[in-house]
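> Given only the sequences and the hints, what does the whole structure look like? Please build it.
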Amino acid sequence: MSELLANLALGFSVAAHPYNIGFCLLGALVGTLVGVLPGIGTVATVAMLLPITFGLPPVGALIMLAGIYYGAQYGGSTTSILVNIPGEATSVVTCLDGHQMARQGRAGAALSISAIGSFFAGCVSTVLVAALGVPLTSIALLFGPAEYFSLMVLGLIFAVVLAKGSVLKAIAMIVTGLLLSMVGSDLETGAGRMTFDVAELSDGIGFTNVAMGLFGFAEIIRNLEMSQESRDIVKAKIKGLMPTRQDLIDSSGAIARGTILGSILGILPGGGAVVASFAAYTFEKRISKNPERFGRGAIQGVAAPESANNAAAQTSFIPLLTLGIPPNAVMALMVGAMTIHGIVPGPQVMTKQPELFWGMIASMWLGNLMLVIINLPLVGVWVTLLRVPYRLLYPSIIVFCCIGIYSINNSPTDVVIAAMFGLVGYWLTKHEFEPAPLVLAFVLGPLMEENLRRAMLIARGDVTVFATRPISAGLLAVALFLLVLAALPMIRKRRDEVFVE
Amino acid sequence: MSEGAKTSANGGGFRFKVRGPRDFYGGLALIGLAIVAIWSSGDLPGMHGFAFGPGTAPRLFAGLLAAVGALVALGGLLFDGPPIESYAVRGPAWVLLGILAFAAMIRGFSLGFISLPPLGLIPSTFAAFMISIFGSTEFRWVESLIAAVVMTAFCVVLFVYLLQLPFQLWPWY
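Each protein sequence line maps, in turn, to chains P and U.
Residue 486 in my numbering sits at position 486 of the first sequence, and the numbers go up by one each step.
Each number in my numbering corresponds to the 1-based position in the second sequence with 501 added.
I should point out that these hints are in silico values taken from the structure, not numbers from a laboratory.
Among the clues, some could well be false.
Away from chain U, derived, C-beta distances all over 10 Å, residues of chain P [claimed, not checked]:
#1 G22
#2 K169
#3 D250
#4 L392
#5 P412
A few chain P residues facing chain U, derived, Cβ under 8 Å [stated by the list, open to error]:
#6 E3
#7 L179
#8 M182
#9 S407
#10 N409
Note that the structure is predicted; figures quoted are calculated from it, not measured.
Just so it is clear, CB atoms sit at the ideal spot from N, CA and C, and this is done for glycine as well.
Here it is in structure tokens:
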């Protein structure tokens with residue numbers, strides 16, 4: 001316990017450095033700014049803003065990125081409540097009751113409850129991350145290559161299970177991502193693989209190019225197809241930002257339950273934040289005395305999913321910081337950022353760079369505090385921003401992304417590659433393939449291959465090593481179980497279809 | 502979905518027909534990608550003893566991709582699915598052109614008989630903005646030009662002055 005406090009004290013001494021507070025504030029601010037823009041989700045925001053952190057010192061850069069992440073998530077909720085356009089899956093449920101509240105003239109209460117809920121969830125889960133960090137790191141030391149490989153398989157299977165639509169197509173995306181990650185020089189021999197003699201490909205395809213293409217450019221192309229007239233911005237002036245006493249009493253239980261659910265689900269690899277908000281909403285509706293109010297502006301319907309997704313966003317740092325495995329696409333981007341700063345994510349970060357590890361944890365709490373401070377007074381600004389027509393917004397996003405991608409390596413080829421992935425992303429949505437599992441697999445690919453190769457070498461070519469080592473076998477069994485669980489309804493449905501014929 | 506079921510009921514008997522085109526052609530494309538991957542990693546050495554060679558993993562995963570792609574395509578062949586949505590041309594084309602213009606202008610390039618000197622950040626940003634904005638059907642000249650100037654200025658301030666990234670601003674130094 002005293003160790004925990006000492007660690008947190010170290011963290012706060014790092015995070016409270018004026019520079020780092022500044023980076024955190026700036027990150028939360030620009031994260032919200034971009035996250036508020038309709039049609040840009042958290043992943044796209046983090047991908048877009050990644051380049052602006054490259055010039056900073058590593059600790060500052062990661063603190064700023066964490067700020068961007070929370071800001072983006074909060075910005076997404078703001079858009080959901082005010083415009084009824086969910087930036088991405090996590091804020092879909094916030095739309096249901098949040099926008100109804102806004103239409104009833106209670107946008108202020110919805111926004112502030114969402115901020116307060118997020119802040120409470122952030123406080124609890126920050127402590128949880130700090131407390132679980134040390135024990136989980138010691139577990140990580142028990143992990144050999146076989147266990148790491150199986151853990152990553154489990155993470156990818158989670159991503160498959162949580163992807164919407166067909167399980168098989170999600171698996172297809174995972175395999176595509178793994179394959180794409182192998183382009184470039186071989187880890188051991190340095191032989192160029194699948195590079196087609198293009199010099200720029202010998203370092204592999206940059207993950208920012210893939211992410212910005214699939215999430216940034218593809219999103220814009222897709223949005224251009226839709227009519228922009230259908231936007232339903234709340235026209236009424238937002239007044240009464242502060243929730244009433246009754247609001248607070250009504251939502252306190254929902255916030256607490258959302259926090260607990262979110263914290264647990266966030267630790268699981270594979271995209272916890274999405275399930276967390278859905279699960280919290282469904283749970284609230286089920287235990288509510290008057291479930292018919294849900295979908296018609298129930299404040300619990302905003303409080304629970306918002307707390308849950310923020311708690312999950314926080315705890316999803318746990319697998320990344322302790323095991324070095326990104327549990328979702330945003331964390332995958334964080335890995336990329338760490339790698340660019342020369343930090344290899346994993347258990348050794350905590351021992352070798354304690355100021356980075358604990359500084360980041362402390363900055364999580366600071367970031368949440370800043371969200372409450374900056375967002376409540378700035379709601380008016382975000383509303384104005386939402387009124388900027390999309391026809392002017394999207395070219396701005398495009399040039400911003402172009403400059404961002406180019407500035408990473410000063411390479412025009414990277415910009416071209418991102419553009420190509422934009423087209424690929426457009427094609428993927430037309431065929432109902434989800435890009436998120438692809439990006440996660442793309443980042444995990446090199447790690448997976450390295451561990452697979454080492455495991456096979458140590459086991460002298462014996463494939464059964466993954467099933468005979470207990471931890472690895474357990475992880476694979478869970479993965480298999482999840483996969484069967486996810487595939488069953490699909491198979492049954494297909495069978496029914498066949499029977500109808 | 503109901504439409505697909507109707508036509509197959511009317512057709513009667515066994516007939517070759519793609520029922521879920523999204524899945525069918527999606528799966529075929531993945532098989533295509535897998536073939537390209539296998540072909541392009543074909544000359545890499547494979548297993549030597551217990552150790553993976555550089556070509557082992559790419560071929561392994563490409564094989565897996567081909568198998569999964571085949572299953573997806575088979576699913577599209579056997580089960581009803583929605584038709585493929587039509588592709589928009591205007592939006593993607595102008596957006597793509599804008600991005601490519603940026604890539605070409607920022608550092609300049611020479612491809613065979615065409616070449617372009619480096620034009621710098623300001624012209625590239627402005628051009629990328631003005632080209633990609635044509636992707637919208639609601640285009641208006643005056644506001645677009647104003648927005649392009651504002652956005653270019655914003656990017657210069659942010660990237661060059663605040664973030665201190667080394668950019669050449671104009672075609673001349």
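> Of the hints given before, which are not true for this structure?
2, 4, 5, 6, 10
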